[in-house]
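Undergrad: Residue numbers (this note's numbering), protein chains in the order written: chain A, 76 to 389; chain B, 959 to 1278; chain C, 12 to 335.
Don't read these hints as lab results, they were simulated from the structure.
We treat Cβ as the ideally placed atom computed from N, Cα and C, and that holds for glycine.
Errors might be hidden in some of the hints.
[To be verified] Below, a list of computed lysine-lysine pairs in the DSSO-like style, where the Cα atoms sit at most 30 Å apart: (1) C:143 to A:197; (2) B:1064 to C:109; (3) C:20 to C:328; (4) C:251 to C:109; (5) B:1129 to B:1047; (6) C:143 to C:20; (7) C:251 to B:1064; (8) A:253 to C:20; (9) B:1047 to B:1064; (10) C:251 to B:1047; (11) C:201 to B:1129; (12) C:251 to C:328; (13) B:1157 to B:1047; (14) B:1064 to B:1129; (15) B:1157 to B:1129; (16) A:253 to A:197; (17) C:328 to B:1064; (18) A:253 to C:328.
[Said to hold, decoys possible] Cβ-Cβ distance ranges computed for the label pairs, FRET-style: (19) C:16 to A:364: 51 to 59 Å; (20) B:1258 to A:364: 48 to 56 Å; (21) B:1038 to C:201: 35 to 43 Å; (22) B:1228 to C:318: 34 to 42 Å; (23) C:195 to A:364: 52 to 60 Å; (24) A:108 to C:75: 34 to 42 Å; (25) A:272 to C:317: 41 to 49 Å; (26) C:14 to B:1150: 34 to 42 Å; (27) B:1243 to A:257: 39 to 47 Å; (28) B:1062 to C:128: 39 to 47 Å; (29) A:154 to C:317: 41 to 49 Å; (30) C:27 to B:1109: 31 to 39 Å; (31) C:26 to B:1038: 41 to 49 Å.
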Amino acid sequence: MTDLPLAESGALDRPPLWRRTLSHPVLSTPQSVLGLAILLFFVLVALIGPLFIHHDVQAKVGPVFAPPSSRFWLGTDGGGSDMLELLVVGARVSLLVGFLSSAVSSLIGGTVGLLSGFFGGKVDIVLMRITDYVLVLPDVPLMIVAAALFGRSLTNIIVIIGVIYWTSTARVIRAQVKSVRERVYVQRARSLGAGNTRLIFRHVLPQVMPLLIANTVIFIAYAIFAETFIAFLGLGDPSTVSWGKLIENSFNDDAILNNAWWAIIPPGVCVAIVVLACAMTGQAMEDALNPRLRSGHLSVRRFRLRAVPPRELS
Amino acid sequence: MSLLQVEELHVWFDLARGRELHAVQGVSFALDRGERLGLVGESGSGKTTAILALMGLLPPTASVAGRVLLDGEDVLVRGERTVAPHRWKDVAMVFQGAMNAFNPVKRIGAQLVEPMEQHGVAEGSRAEARAAELLERVGISRTRLRNYPHEFSGGMRQRAAIAMALACEPKLVLADEPTTALDVMVQAQILELLVSLTKDFGLALILVTHDLPVVAQTCTAAAVMYAGEIVETGPTDVLYHEPRHPYTRLLFAATPDLESRDVVVSIPGTPPRLDEAAAGCPFRPRCDSAVARCSLERPLLQRVGDRHEAACHMAAQVPA
Amino acid sequence: MRGADYVVKRIFFAVGTVLVAITLNFVLFRMLSGDAVSALRCRQCTPAFKAYERKTLGLDQSKLQQYWLYIDNLAHGDLGRSLRTQEPVWQTIWLPLKNTMPMVALGTIFSIVLGVITGVIAAWRRGTWTDKTSVWASLVWYSMPPQWLGLIIVLYLASAIGLPTSGIHDATLGILGTPSTWQVFVDRMKHMVLPAATLGLVLYGNFTLVVRSAMLETLGEDYVLTARAKGLTSWATVWKHGLRNAMLPVITLVALSLGFIIGGTITIEYVFSYPGIGLETVEAIDQRDYPILQGIFLLLTFSVILFNLLADLLYFKLDPRVTE
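Extracted from the complex, chain A is given alone in its bound form (with noise of 0.2 Å):
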C-alpha cells in the first residue's frame, strides 16, 4: 500500500496522448479510415507531386483547350497549360490554406475555449461575448470583403479563414472544458496543491485535445471551401494555383463554350473528394468521442416469434 498521494502514485496516469490517439476507436470504421486514406493520398500528392514538375505549370505547354490525350492525361486548360500538373500542384495551395487556416482557427478557438471553460467568471463572460458578437456577424461576406481589401496573398488568406471560423470551436471547447473542470481527478489534483497551469496542460489539455482535433478536420473541409469561393471570385493569390482558381479559369476561359469537361470537372471533383473525407473523417471522430448508446425504440423490424424450447433437465 503506497503512502503516495494519487497523483504521484501513478494512479491518475494513463497512457500517453499517442498511444490513445492510435488506439482510437475512430480508427475501427471503414469510413474513417476511407476518409483518412483518401487525406493521406492527396496529402502525399501534394507533397510529393510537384517535386516532379520543373516548370512554371501555368506556362503554355500545348494547344488550348486539347482534350484528354496520352500526352496529357487531363487535357489542357484555356491557357494550353497541362491540367493534370496544374491539379497536382493545385492540390499543394489547397491542401496547405486548408490544414493551416483551420489549424489557425482551432488554435484561437481553442485557446479562447480553454480559458473561458477553465477560468469561468469574469473572463467567461468577457470571452463569450466577444464570440457572440462575432459569432453573429455573417462568415463568407466577412471573407470576401476582407479577402477583396486585403487579399492577394496567400498569407493574408490563410490568416483571414482562420480569425473567421474560431467562434464555434471556441464554444464546443469550453462546454468539454466546463465538463471536464469538474471531474473528480482533476478537483483531486487541484486539492493536492498543482497549479493552474499543470492542471490545463496535464490533466485538463488531454482531455479536450481529440475534440478539438475532429474539430479541426471538420474545418479543413470549411477552409478549403472558403478558398474556392475567395479564388471564384477572383480575390486570391494571382501567383498561385489552387482547386479555386482552376475551377475560376474554367469559368473565366469558357471552357463551358469550348466543351472541355476535362477543365471544369477534376478540381471539382478533387475538392468534393477532399472535403468529404474530412467530413467522414472528422463525422467518426466525434461519433467516437459521443457514442450514441441507445438503439431506437422506433425500428421498421420487429422482434422474431419462436418454439418453446424443451425443458432441458441435465
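With chain A's structure known, arrange chains B and C on it following the hints.
TA: Same frame as chain A, but now just chains B and C:
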C-alpha cells in the same frame, strides 16, 4: 379463467457474433382480477424484459417464445399484429423512470388524452374531462392539465404516469420499479395510490421491483425471479415467513430490518451469465444448501404448499 | 407572457451586434482600405475627378469626423453613392435584392424540405440501405463547391431539360406585344429554378445529417417507448412525437448556415449570370466600387442578424424548456 396466464415465456436477445442472451427462461404464472403480483429479483434477472414481452415492446434484436393469454386469447401468437391492439386498452404500463416517459414539448393533458383518442375511448372535450378526473384521482389538481412535464416534481410525474396508464380503463397494469428514484415519503404515497386504484377499478397489477418491503406492503402474491426464471411464487406473507427457495430466504435475510437484531447477510457471488447454457440449478454457485444433485439437474417449479411453488431440489426440507 | 425578458434581452443583443456591424463596416472600408477613390478604375476617373470625389465624400476630414458623418448618413437612410454610376447605393442594390430574395428563399426551403424528409427516413430506417445511401448522398452533395455544381448543371443539365442558364428574363418575351403577368411570372420562375436548385442541393446534406441525428436521439427517448406502448403506430409516433423535437436543431442550423448560403448565392449568381445581389457584389469587387460593397455588406449583415434573432425567438417559442 384467469385474466392473465403466461405459459413458458422465453425471450432471447441477439448478441454479437451469432450468440444469444437468454433473458427470460420459461416463465409461467397466472393472475386474476384484483390480484397484485410482485415480481421480485435483482438487476438482470429478467423481470423487466418479461413484462415488456407481455406488451410486445421488445426491440428487433429480440425473439420470443411461449403463450401470453389475456382473457383466454393468445396475444403473442402472431407477434406484433396480435399484441398491438391490446396495448393500453387491456394492458397498460407505468415505466421505470416515469420522469422521461413524457414528451417534454407537449402538455401533460395532451399526453393523457392521446391514448384515449387513439383507441376511441373518448374524444375532444370528453377526453379532456376524463383526463382531468384521472389527474384528480391520483391527487393532482386538474388545473395542471396544461402544464409541461418539467413543471412537475418527480413524484407528481409518477402519479401523472399512473393516471395516463388508466386512461383507457385497462384490465391489467404493469408497473416497472415505479418508486425507484423517489424519496421514501413519496414512495409510500405512490404505493398506497396503486393499491387503492387497483381496488377501485378492479384491476390486476404486476409490480416489478427489487425492493422487498415494497412487495410486502402492496402485493397479495409474489414471484421471485433469478437468472431469467421464476424460482419461487406464492402469497406474500407465506413467502415472507416460509420461504422454500434458498434465494428467497437469502433475499429476505439480506434486507436490513431496523427492528431485528439479525446480522444482515449479503449473498456472495454474482448471477450467472445468460448467454451460455448451464447445467443444473443456476443458483448453485451461490447456494448455501446445495447438494450433488443441484449441479446436474435443473429443478422445476413444484408445489410446496397452498398456491406456493418453488424450484429447488431441497424445497421439501424446511431450511434451518 | 412567458419569457418577455428573454425576448427583450435578445433584441438588445441584436441591436448591439448591429452597432458592432456598422462600426466594423466603417473600419473595414474607410480606415483600412486607404483611399478608396485612388483605387477607382473607370473611364471618367481622371485625377481631377478623383480630387472632386474626395472632397464630396468628405475623405479629407479626420477619421472620427468621417465616422460621425457615416452614422448620420445611415440614420437618414443614405448609404452613399456608387463610385461608378453616381447613383445612390440604395437604389443600385434594390433591384438586385428583389431578384435574389425569392431565389434564395426557394433554394433554402427546398433544401430544408429535402433535408428533413431524407433525415427522417434515414433515422426511421436506421441501419438499412436506405439510411446508408441517404447519409452518403447527402455528404456527397454537401461536399461539392456550389459554383462547380452550377457549372456542371449549366454544362450538362440545362439544355437537356430546356431551362435557361443566365439572366432573369427572356429578352424575346416582350417582342410580340406586352406579355401577361402570368407569362412574366413563368419566365422568372424558369430562370430561378436552376440557381435555386443548385443552392438547395449543396445545402440540404447538412440538414439531413442534423435531422437524422436529432431524430435518432429522440427515437431513443423513453417517451417514444411510452408512445408505442400506448398503441401509437410507428408513423404516428414519428409524426407526433419525433418530428417536433427533431425540428428544433433545424432552426439553429439554418441560422448558422446563413454565411454559407450567402457565399453560395454569390458564386451561384456569378455562374448563372443571375442579376441579383451576388452578381452585384462580384461586379463591385471587380470595379472597386467600395460604397456599393459597403452597402451590400451592411445589408447582408443586418439580414443575418435579423434572421438570427428570428431564429432565436422561434426556437424559444417552440421549446418550452428554454428558460434562460
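Undergrad: With reference to the structure, classify each hint as holding or not holding.
TA: Do the hints match the structure? See the list:
{"no.": "1", "hint": "C:143 to A:197", "result": "violated (46 Å)"}
{"no.": "2", "hint": "B:1064 to C:109", "result": "violated (40 Å)"}
{"no.": "3", "hint": "C:20 to C:328", "result": "holds (15 Å)"}
{"no.": "4", "hint": "C:251 to C:109", "result": "violated (38 Å)"}
{"no.": "5", "hint": "B:1129 to B:1047", "result": "holds (8 Å)"}
{"no.": "6", "hint": "C:143 to C:20", "result": "violated (42 Å)"}
{"no.": "7", "hint": "C:251 to B:1064", "result": "holds (10 Å)"}
{"no.": "8", "hint": "A:253 to C:20", "result": "holds (25 Å)"}
{"no.": "9", "hint": "B:1047 to B:1064", "result": "holds (22 Å)"}
{"no.": "10", "hint": "C:251 to B:1047", "result": "holds (20 Å)"}
{"no.": "11", "hint": "C:201 to B:1129", "result": "violated (62 Å)"}
{"no.": "12", "hint": "C:251 to C:328", "result": "holds (18 Å)"}
{"no.": "13", "hint": "B:1157 to B:1047", "result": "holds (18 Å)"}
{"no.": "14", "hint": "B:1064 to B:1129", "result": "holds (27 Å)"}
{"no.": "15", "hint": "B:1157 to B:1129", "result": "holds (12 Å)"}
{"no.": "16", "hint": "A:253 to A:197", "result": "holds (15 Å)"}
{"no.": "17", "hint": "C:328 to B:1064", "result": "holds (13 Å)"}
{"no.": "18", "hint": "A:253 to C:328", "result": "holds (28 Å)"}
{"no.": "19", "hint": "C:16 to A:364: 51 to 59 Å", "result": "violated (36 Å)"}
{"no.": "20", "hint": "B:1258 to A:364: 48 to 56 Å", "result": "holds (50 Å)"}
{"no.": "21", "hint": "B:1038 to C:201: 35 to 43 Å", "result": "violated (49 Å)"}
{"no.": "22", "hint": "B:1228 to C:318: 34 to 42 Å", "result": "violated (57 Å)"}
{"no.": "23", "hint": "C:195 to A:364: 52 to 60 Å", "result": "holds (54 Å)"}
{"no.": "24", "hint": "A:108 to C:75: 34 to 42 Å", "result": "violated (58 Å)"}
{"no.": "25", "hint": "A:272 to C:317: 41 to 49 Å", "result": "holds (43 Å)"}
{"no.": "26", "hint": "C:14 to B:1150: 34 to 42 Å", "result": "holds (38 Å)"}
{"no.": "27", "hint": "B:1243 to A:257: 39 to 47 Å", "result": "holds (41 Å)"}
{"no.": "28", "hint": "B:1062 to C:128: 39 to 47 Å", "result": "violated (24 Å)"}
{"no.": "29", "hint": "A:154 to C:317: 41 to 49 Å", "result": "holds (44 Å)"}
{"no.": "30", "hint": "C:27 to B:1109: 31 to 39 Å", "result": "holds (32 Å)"}
{"no.": "31", "hint": "C:26 to B:1038: 41 to 49 Å", "result": "violated (56 Å)"}
Checked against the numbered hints given earlier, this structure breaks hints 1, 2, 4, 6, 11, 19, 21, 22, 24, 28, 31; the rest are met.
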